[in-house]
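Under the UniProt record's numbering, the first residue of the sequence shown carries the number 1, and numbering increases by one thereafter.
A couple of the hints might just be wrong.
Derived pair list, reagent style SDA-like, types lysine to any residue, alpha-carbon separation capped at 20 Å [what the hints assert, rightly or not]: (1) K18 / I181; (2) K47 / K64; (3) K64 / G166; (4) K102 / A146; (5) K60 / G126.
Pairwise CB distance ranges (calculated) [stated by the list, open to error]: (6) L33 / I181: 43 to 51 Å; (7) K18 / G73: 42 to 50 Å; (8) P123 / I181: 31 to 39 Å; (9) D19 / R142: 13 to 21 Å; (10) F14 / G163: 17 to 25 Å; (11) D129 / D82: 39 to 47 Å.
Hints are computed from structural coordinates only; laboratory data are not their basis.
Ideal placement from N, C-alpha and C gives every residue a C-beta, glycine not left out.
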Amino acid sequence: MESAFAGDYINANFVSVKDFPSRRYILTQGPLLQTAGHFWQMIWDQKCPVIIMLNRHTEKGTVKCFEYFPEHGETLNFPDADFSVTCASDSPKRMYTVRSLKLTNVSTNESRELLHFHYTHWPDFGVPDYSGSMLNFLWDIRRTGALDCPERPCVVHCSAGVGRSGTFVLIDLALAMMDFID
Numbered sequence: 001m002e003s004a005f006a007g008d009y010i011n012a013n014f015v016s017v018k019d020f021p022s023r024r025y026i027l028t029q030g031p032l033l034q035t036a037g038h039f040w041q042m043i044w045d046q047k048c049p050v051i052i053m054l055n056r057h058t059e060k061g062t063v064k065c066f067e068y069f070p071e072h073g074e075t076l077n078f079p080d081a082d083f084s085v086t087c088a089s090d091s092p093k094r095m096y097t098v099r100s101l102k103l104t105n106v107s108t109n110e111s112r113e114l115l116h117f118h119y120t121h122w123p124d125f126g127v128p129d130y131s132g133s134m135l136n137f138l139w140d141i142r143r144t145g146a147l148d149c150p151e152r153p154c155v156v157h158c159s160a161g162v163g164r165s166g167t168f169v170l171i172d173l174a175l176a177m178m179d180f181i182d
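Just need the whole structure built from these sequences, with the hints factored in.
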């Protein structure tokens, strides 16, 4: 029997709220080795301005996500999808890192810049130890304006694309609705 993780299938879903059309997200599982190129194809096709990563690559000794982005100053190539990704800068914070990435379509030589926010202290099947750090993370993302761009959805992922990803979106939507009411 072939593995459920074989091929180019990406477990991803659009999420939007009818009463709050300024927010659109794509919730997805963390890219796997065999889907990383297609993950970048999705980012390109949807013109996503930001990736929000809520897991570590390895958690409790289990690989949860392929290392789909390079270290600062390096480039990763994804020949199966004709993309390359370069990390132009990274800014480590106490519990998360903000990266500026350049995604290049190798076929057309066209490039786009996007931000990568990586929160590293939210355990699988758990909650962050410090809610303040999670809120600071969210505020930093919100300050970019990337969450207020309905024609370009943000990508949110954890290992499976459900628990932490869904919780993050719920927190963002609740705060956005509170802002709207004020």
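Do the hints match the structure? See the list:
1. Restraint check for K18 and I181: satisfied, since their Cα atoms lie roughly 16 Å apart, inside the 20 Å limit.
2. A C-alpha spacing of about 25 Å is found between K47 and K64, which places the hinted pair above 20 Å, so the restraint is violated.
3. In summary, the hint linking K64 to G166 is supported, as the alpha carbons are separated by about 17 Å, within the 20 Å threshold.
4. Taking the CA atoms of K102 and A146, the gap is about 16 Å. The hint holds against a cut of 20 Å.
5. About 12 Å separates the Cα atoms of K60 and G126, which keeps this hinted pair within 20 Å; it holds.
6. Our hint of 43 to 51 Å for L33 and I181 holds, since their Cβ atoms are close to 44 Å apart.
7. The hinted window of 42 to 50 Å between K18 and G73 holds, with their beta carbons roughly 43 Å apart.
8. P123 and I181 have their C-beta atoms about 32 Å apart, which keeps the hinted 31 to 39 Å range intact.
9. Roughly 19 Å separates the CB atoms of D19 and R142, a value that falls within the hinted 13 to 21 Å.
10. For F14 and G163, the hinted distance range of 17 to 25 Å is satisfied, since their beta carbons lie about 18 Å from each other.
11. Here the CB-CB span from D129 to D82 is close to 41 Å, well matched to the stated 39 to 47 Å.
Violated hint: 2 only; the structure is consistent with all others.
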